[in-house]
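Going down the list, the protein sequences come from chains A and B. The C-terminal residue of the first sequence carries number 182 in numbering that gives the first Met the number 0, and the numbering is unbroken. The C-terminal residue of the second sequence carries number 369 in numbering that gives the first Met the number 0, and the numbering is unbroken.
It is possible that part of the hints are untrue.
Unchecked claim - Derived EDC-like pairs: lysine to aspartate or glutamate, alpha-carbon spacing no greater than 16 Å straight-line: (1) 17/A to 308/B; (2) 32/A to 48/A; (3) 17/A to 5/A; (4) 32/A to 91/B; (5) 17/A to 111/B.
To be verified - Sample of chain A residues with no beta-carbon within 10 Å of chain B, all distances over it, derived: (6) 30; (7) 33; (8) 45; (9) 64; (10) 69; (11) 86; (12) 96; (13) 97; (14) 100; (15) 102; (16) 133.
I should point out that these hints are in silico values taken from the structure, not numbers from a laboratory. These figures come from a predicted structure and were not determined experimentally. The beta carbon of each residue, even a glycine, is placed where N, CA and C say it ideally should be.
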Amino acid sequence: MRRENEQPRARTGDLVVKEVAEELLVYDLARQKAHSLNRVAAAVWRACDGTRGVAALRVAASESGQALPTEAVQYALQALGRARLLEGPIEEGRLTRREVMARLGTAAAVALPLVTTIVTPTPAAAQSPLTCIPFNQGPCTSAAQCCPDACAGPCVCVFSKDKFRCVAPTLGLPPDRPEFPEL
Amino acid sequence: MTPEWTGGVIARLLAGAWRPGNLHPELEAEEFERIAPLLHQTGTGALAWWCVRGTAFADTETGEGFHQAYRLHTLEAEVHALRLAEVLCRLDAAGIDALLIKGWALSRRYPEVGLRPYSDVDLIVRPGEAGAARAALAAPPELECAVDLHDGPSRVDALGFDQLAERAEVAQLGTHAVRILGPEDHLRLVALHALRHGVFRPIWLVDLAVCVEGRPPGFDWERCLGPIRRQGEWVIGAVALAECLLGVRAEGTPAAGRPGALPGWLIRAVLRNWARGTGTSHLAPVFDALVAHRRHPRLAWAEARRRWDRPIEATLDVGGPFNALPRWPFQVIAAARRTRELLIALRHATAPRRHNPRAGLTALVGLACL
């Protein structure tokens, strides 16, 4: 748990931030991870300017609407730290979601800060250029980075033309095969 | 449940999906669950979320999966814009004219840029300038996106670079001015590109729908259909297909009233492709597939059958019309062309396969059925 006098600062470098509907989406370019912050977590994160302690953060984040209890702010900081959205080292938090919900009581439904890493358990992630490399594209460093359906079987990451690309394993390519067979 | 039925369910879900405002797709829960993997697989998950948001489907686990796809694509859009700006900046600095096609150029016409997936950046440069463009893009620091450079538009369009550039429009990407194809040329390119790949991704037909319904006043259909009559007919066919399957408002287009005249094989082929979730044009090259299945003639046979079933691509390859006549003559000619490619590949293959009699059988099966 963060100490009361600690003044966390939100990371700004290497992040792409987009606000949609009731959440804030954050893509970490350095770690290639996407996160979704609900309204409460987003309010706390935005208030982390490096000058506010937990109490001041509580006040600042509450200005956006919902009054936040201290536990909610601490839980938000813990989650933001784990997602590497705060500057400085990660501090292992001790608050669990269940504990925070118990302390918040009925307010939990609206005041629980949530930071969710976007991991789609579906082929959507496999099809996303943020997470995999399509057929004949690159640069790759290993076959594991290639999209599952890219090569009608296992792909290999080989140097072709100007860079390492995801291609199907082959014994040889005809010299007149176009690099990009079709648009 | 036939593949056509599955494709039809996808069509019902995506009907009108590109329009702002809430939709209320009439689907059964079971149908929704069944098509979900296919939608994810073809990059249509975010659009599916757009269709079901605000409905009971949104609260299901499958709906949440689509919501995640929407979040992911929304972030992709932001990241893609940054990377595109970097690409354009480098080309500008090298004094290279480039026209952006597909991707961002299309997504800006959707209600939200995150409704469409992103992969590489497709650019057409003046013929002969691709080398210089590649050099500019290869300079350190390394770009973090794949760029598909077309050395002139000859492989994607019948018009020359200067003709396309003259009709191009300028869009603003942050502080960068991006040259994208004019609406007429883009619609033609989007339609032909989708057909060339058998329209196996529903999003391609949605792209076309966006181009048709978002066309500006004074849109010149004659210019759009292009100088080659047959290509023009294909474009009309594609628009009619979008009207038939997705309910595109085709009034005022040459395709108006055409859905009834669309040949059944065309509609069935698209629905089958949607039910598969993959297209033959994105499979591994024939030679590679045969090598992979060299010890498994049955798999090679299945692969060959899969490759045979591409009547749309075959019609375009051969330059045929979209009429009600059987497609097999076009498929035979297209297969013969691909066989030539296979033979060239075999000639360049290395030795080990010659000593395997089953490999020979596999190759024969491939030759017979391509």
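Right, here's what the structure says about each hint:
1. Restraint check: the Cα-Cα separation between residue 17/A and residue 308/B comes to about 42 Å, which exceeds 16 Å; the hinted pair is violated.
2. Simply put, residue 32/A and residue 48/A have alpha-carbon atoms about 22 Å apart, too far for the 16 Å limit, and the pair is violated.
3. For a cut-off of 16 Å, the pair hint linking residue 17/A to residue 5/A is broken: about 27 Å separates their Cα positions.
4. Taken as a hint, the residue 32/A and residue 91/B pair is broken in the structure, with Cα atoms around 31 Å apart against an allowance of 16 Å.
5. Taking the CA atoms of residue 17/A and residue 111/B, the gap is near 12 Å; set against the 16 Å cutoff, the hint holds.
6. Chain B leaves residue 30/A outside its interface by the beta-carbon criterion, the shortest separation being 13 Å against a cut-off of 10 Å.
7. Distance check for residue 33/A against chain B: the nearest CB is about 5 Å away, which does not clear 10 Å, and the non-interface claim fails.
8. Interface exclusion of residue 45/A from chain B stands, the closest Cβ pair being 17 Å apart, more than 10 Å.
9. Separation of residue 64/A from chain B is adequate, the least Cβ-Cβ distance of about 22 Å exceeding the 10 Å criterion.
10. No Cβ of chain B approaches the Cβ of residue 69/A within 10 Å, the least distance being about 29 Å, so the stated non-interface status holds.
11. Consistency note on residue 86/A: stated as away from chain B, and its beta-carbon is indeed over 10 Å from all of that chain's, at 21 Å minimum.
12. Distance check on residue 96/A: its Cβ is at least 18 Å (rounded) from any Cβ of chain B, clearing the 10 Å threshold; non-interface status holds.
13. Once the 10 Å rule is applied to beta carbons, residue 97/A is consistent with being away from chain B; the minimum gap is 21 Å.
14. Distance to chain B confirms residue 100/A as a non-interface residue, since its nearest Cβ pair spans about 20 Å, more than 10 Å.
15. Even its closest Cβ contact with chain B, about 27 Å, leaves residue 102/A beyond 10 Å, as expected for a residue assigned away from the interface.
16. With a minimum CB-CB distance of about 6 Å to chain B, residue 133/A fails to clear the 10 Å threshold, and the non-interface call is violated.
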